[in-house]
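Spelled out, the chains give:
There are 2 protein chains.
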Amino acid sequence: MTQQQTPAGKRPYNFSAGPAAMPEAVLQRAAAEMLDWNGSGMSVMEMSHRGKEFGAICTQAEADIRTLLAVPSHFHVLFMQGGGLGENAIVPMNLSRGKTADFVITGSWSIKSHKEAQRYCAARIAASNADDQHTKLPDPSTWQLAKDASYVHLCTNETINGIEFQQLPDLTALGSDAPLVIDFSSHVASRSVDWSRVGLAFGGAQKNLGPAGLTIVVVRDDLLGHALDICPSAFNYKTVADNNSMYNTPPTWGIYMAGLTFQWLLQQTEGSLTGVAAMEQRNIEKARLLYDFIDGSDFYANRIDASCRSRMNVPFFLADESRNEAFLAGAREAGLLQLKGHKSVGGMRASIYNAMPLAGVQALVGYMREFARSHA
Amino acid sequence: MTQQQTPAGKRPYNFSAGPAAMPEAVLQRAAAEMLDWNGSGMSVMEMSHRGKEFGAICTQAEADIRTLLAVPSHFHVLFMQGGGLGENAIVPMNLSRGKTADFVITGSWSIKSHKEAQRYCAARIAASNADDQHTKLPDPSTWQLAKDASYVHLCTNETINGIEFQQLPDLTALGSDAPLVIDFSSHVASRSVDWSRVGLAFGGAQKNLGPAGLTIVVVRDDLLGHALDICPSAFNYKTVADNNSMYNTPPTWGIYMAGLTFQWLLQQTEGSLTGVAAMEQRNIEKARLLYDFIDGSDFYANRIDASCRSRMNVPFFLADESRNEAFLAGAREAGLLQLKGHKSVGGMRASIYNAMPLAGVQALVGYMREFARSHA
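Chains as they are written, first to last, in this note's numbering: chain X, 125 to 500; chain H, 125 to 500.
Rather than coming from a laboratory, the hints here were simulated on the basis of the structure.
The reader is advised that the hints may include incorrect statements.
It does not matter which identical chain is meant; a pair holds if it fits inside one copy or across any two.
As the list claims (entries may be wrong) - As a list, the in silico DSS-like pairs of lysine-lysine whose alpha-carbon atoms are at most 30 Å apart: (1) LYS223 to LYS271; (2) LYS362 to LYS239; (3) LYS362 to LYS223; (4) LYS271 to LYS260.
These numbers come from a predicted model, not from an experiment.
Using the sequences plus the hints, can you model the full thing?
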């Protein structure tokens, strides 16, 4: 897929936290195939999910995400609906067996996950960074893990707070044999996953993989088959797995768009690196550029501890917050969209997912520098 | 929206039961707007669901479906995820209060709904046409409605069996004051709805309204706020309503495509009729053409009682079923796609939703006539 039609640089840079920017080549291809996918005479949206055409799209998408994320064969990949908030209920309905589950609180999303799980199990807080205003991660050596936890939940990248685990904890070394559940919605495919430390990973697609309405679940085989009776069939992982994500009609367009994104990701290279490794390299570079600029400026500030700053979501504040509206208006004029911070945090936030090129971050830094200079 | 680019008649006719054919003008517009919606510089898939652009799309879509379906102001319209199968659990989680609910069994979908509801309440069978192999509707005067039912569930068009309620029952006249819940997935917007007889209506969008992954729920205000504790927040009707369908990230692309379809529907006319009334007239004509042809032929048969044949889904059988493969292969060659019947029923099925023009049914009848002649 190469870029067509739209002249380079014509589209603005979109820093939305999600739904978020998608690769332009993916959008171009979706537009070109809208009325006739691959000579079928149908739009992908018009295909029976049980027909051979959509079957081929779905099979390829699953194979490609397995390649991209190096998913081991003893994990299932499920295409579901309901997003991360849906999974906050679906995970405990499937995994908790009504017993104890441990939550590590690191920001807004893990707080929501913990709260929702209380409907289904004894949801404990094993650790929390609330006293640090979610600006640093609780040290794993201090986590109070329950002996009988059915699982341990982490949000490995907190989209709203901009805080990210740079590596996954080794629960075994911490004395727990519970499976680790990670909500990787907002950094999936931006870095590799150490599956030896994971029991289940879930993510809404709308940040780094595709459109809203598709949820990706990667779950280890042995965790299937333990759902509570009150788990809806459509959200029972075993039922979904046994039916290759077609127990109910899947979000076919979302799977198609994610599949195009997987192919785009597999084609990306940085030096000798490809796929997620190439993206990780590029994401390190993008994040460094932005954080280094912020750290070197008195005009802007980021409040997250340097050891756990998110590569994907960069909240920042103007020293003089009365300039916020002017900053946003100027940014829009400069073709830099959706930079307003989440209402619970305030300030600004630049989400720089896989689809954001280095040139977009360079443009943002250039604008920020000029704005600081002219408002000093 | 007018048709562009693709020459008239070039696209095949797609009789898929769902996901199903969409209006070509809607697909053309989606392709044209893919990289830049309305000068925003963003694809609809790239917009924050909380931004003003998507807010405008969503508000317009809700206003348009309210107009189309003449939804009274004391009903909420919710855009959700999970499809009809999801709603089979979500409805009893929200409405049953753990008590009794009545189900009228008329085919495959109502059987599934009844079975799933048993997880959450005392799900009774008030009537069933199983002894008639789902070929006629149980007479409302024979329904055994519970005095204390929290609701009465009907599937008003059984997609697989091809059987449809031509009018909604008046539960009050039948001695029940329970709200009527209708699954109108496969005939929504093909005919008017008598809301005075309905408490809640739900439907997956992928048959008559848009792409898979979007569920439409229309629910009377007084039915909100009674969910079971184990109802996931993302599927709690009151939570969804209180947040204007944005409690969690909605399926933004699905809402956009459904919105374009609503606009297309509002523009349709037949004589002095517009919108759903125009579609109903057109659907009556399409269905009559196909059923009249089948009834006048010894080569084809439809087994549903004439009083309750579906206008949307027309299952039919070849008298000599050894011709099935040849019939389907010839149909594909003639540009008539996805005519194979559901595996549980066999034979053929032509789904002729709103997006299927009369010319498509004429082409199908022409092919069937010629196939019968040449295989007599």
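To see whether the hints hold, each was checked on the structure:
1. LYS223 to LYS271: within (11 Å within a copy, 37 Å between copies)
2. LYS362 to LYS239: So LYS362 and LYS239 pass the 30 Å test inside a copy (25 Å) and across (18 Å) alike.
3. LYS362 to LYS223: both (19 Å within a copy, 28 Å between copies)
4. LYS271 to LYS260: Cα proximity of LYS271 and LYS260: one copy only (26 Å, versus 58 Å across).
The structure is consistent with each of the numbered hints, conforming to all of them.
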